[in-house]
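Colleague: When the letters of the sequence shown are read in order and numbered with mature numbering (1 follows the signal peptide of the UniProt record, and there is no 0), they come out as residues -17 to -1, 1 to 367.
By construction, these hints were calculated from the structure, which means they are not laboratory data.
Errors might be hidden in some of the hints.
Derived pair list, reagent style DSS-like, types lysine-lysine, alpha-carbon separation capped at 30 angstroms [what the hints assert, rightly or not]:
1) K206 with K105
2) K140 with K69
3) K206 with K248
4) K94 with K105
5) K252 with K178
6) K140 with K94
7) K206 with K178
8) K140 with K206
9) K178 with K248
10) K140 with K105
11) K94 with K69
12) K105 with K69
Derived CB-CB ranges, DEER-like [stated by the list, open to error]:
13) I99 with G61: 19 to 25 angstroms
14) Q288 with D39: 27 to 33 angstroms
15) N276 with I99: 27 to 33 angstroms
16) E250 with K105: 40 to 46 angstroms
17) T241 with E104: 33 to 39 angstroms
Bear in mind that the values here come from a model prediction, so they are computed numbers and not experimental data.
Don't be surprised by glycine CBs; every beta carbon is placed ideally from N, CA and C.
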Amino acid sequence: MVKALATALLLAAGAQAAAQISHKPINITLPDSSPLLVYSPREANASMPNYTYNPDLWNTTFVRRPWTEWQPNTLGRGESSHRTNKAGNSVSVTWLGTGVYFHGVCENDCKVTLSINGGPEKEFTPGPGYGEAGPLAFFNDHDATENTQNTAVLTLKQGVIGVQRARSDVTETTLNWLNTTTGTDNNINPAIDSKNPDGTVWGGVHLLGNGLDQMVYRRIDTKQANSYAQFRIPENTTMVSLWGTMNLDHGNFTVTVTPPPPGSKTEGKTLLNGFATWSIIDTPLYMAPLDPNTDYTLRLENLEQDKYLDLASARFYTLDPANAVQPESVTEQPQSHGLSAGAIAGIAIGSVLGAMLHRWSHRVPHLAPPQHTPLQHVSSTVAC
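Construct the entire structure; sequences and hints are all you get.
Modeller: Shown next, in the form of structure tokens:
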């Protein structure tokens, strides 16, 4: 855990939300750097002239990457946290589900509020204990029988908080993994249909970072506005997530699931932004619970010219390991390519962002410190 100055708000994780799929709640963990978490005011931009750490804005730091080492396209290394010294700054998450839960540390007589769907702010005073992780704030609709689209806003009122992943038991969930490139030549996976306005398809990329610090991270990308990549989601999928990068040169994009996922109020379309000061690798760009009895198509679309959008993998979760199937491409032309053999790169049980069971037990706003050792990886949790 990165120690903060007094009156600093640290976000090393986001939220945990619960949704009812097949009568089981599933929890999903998000890293603090994910387009699914929206910071207000927006994250500070280190590329600004003569930039120094600004305590009034959100600042992203890494255990192995202090601000003094920042350069354009520098890879974030080690555990990260979003921090601010400004009371009134907030972070929000919109999810399809029945509950949300923030987990982390609270110091210096910390007080936070949580608002759901623009409703009244409810104040939480987490339990004492310097550096001890535990519940910060939560919401759960215990009477809900199906998913709804909700937005939770966590706001710092005073003190210091740091949000990190909560411990949770992983279900026996099967993960199907669709890589977007194939082979060493980085060709686009034929299970994915993509198109740019100039008639080309998305290109394969294998390096990430700058000349001083690079790593291999295979993905497809575009920087043309109104370009798309789309594919069919496998049958019996309980949850879908998209993984890629964030960086200074990324912008607005949309993810559209057709038909809309259960509970969606936006016809299945979600507007997101991939901007980040650091080069963020393998972060969840999108996730949503699905009805396993419905066939879905997912479409990713870039909205800004000369701003990048990339996709490294799509991951499909099912509660029944026997029902794992391969995805099919969806195209606007019947003659376009279909399913390729080996479209799934691998299957894993209990991945880092796997589906998890969680039963809500906290019902009062004053929360005690946890009785467990917090996980080392700093992240946020959303459950669907």
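Colleague: Now tell me if each hint is right for this structure.
Modeller: The hints, checked one at a time:
no. : hint                               : result
1   : K206 with K105                     : 42 angstroms, violated
2   : K140 with K69                      : 9 angstroms, holds
3   : K206 with K248                     : 29 angstroms, holds
4   : K94 with K105                      : 10 angstroms, holds
5   : K252 with K178                     : 19 angstroms, holds
6   : K140 with K94                      : 5 angstroms, holds
7   : K206 with K178                     : 12 angstroms, holds
8   : K140 with K206                     : 39 angstroms, violated
9   : K178 with K248                     : 28 angstroms, holds
10  : K140 with K105                     : 11 angstroms, holds
11  : K94 with K69                       : 13 angstroms, holds
12  : K105 with K69                      : 19 angstroms, holds
13  : I99 with G61: 19 to 25 angstroms   : 33 angstroms, violated
14  : Q288 with D39: 27 to 33 angstroms  : 31 angstroms, holds
15  : N276 with I99: 27 to 33 angstroms  : 29 angstroms, holds
16  : E250 with K105: 40 to 46 angstroms : 30 angstroms, violated
17  : T241 with E104: 33 to 39 angstroms : 35 angstroms, holds
Comparing the model with each earlier hint shows violations of hints 1, 8, 13 and 16; every other hint is respected.
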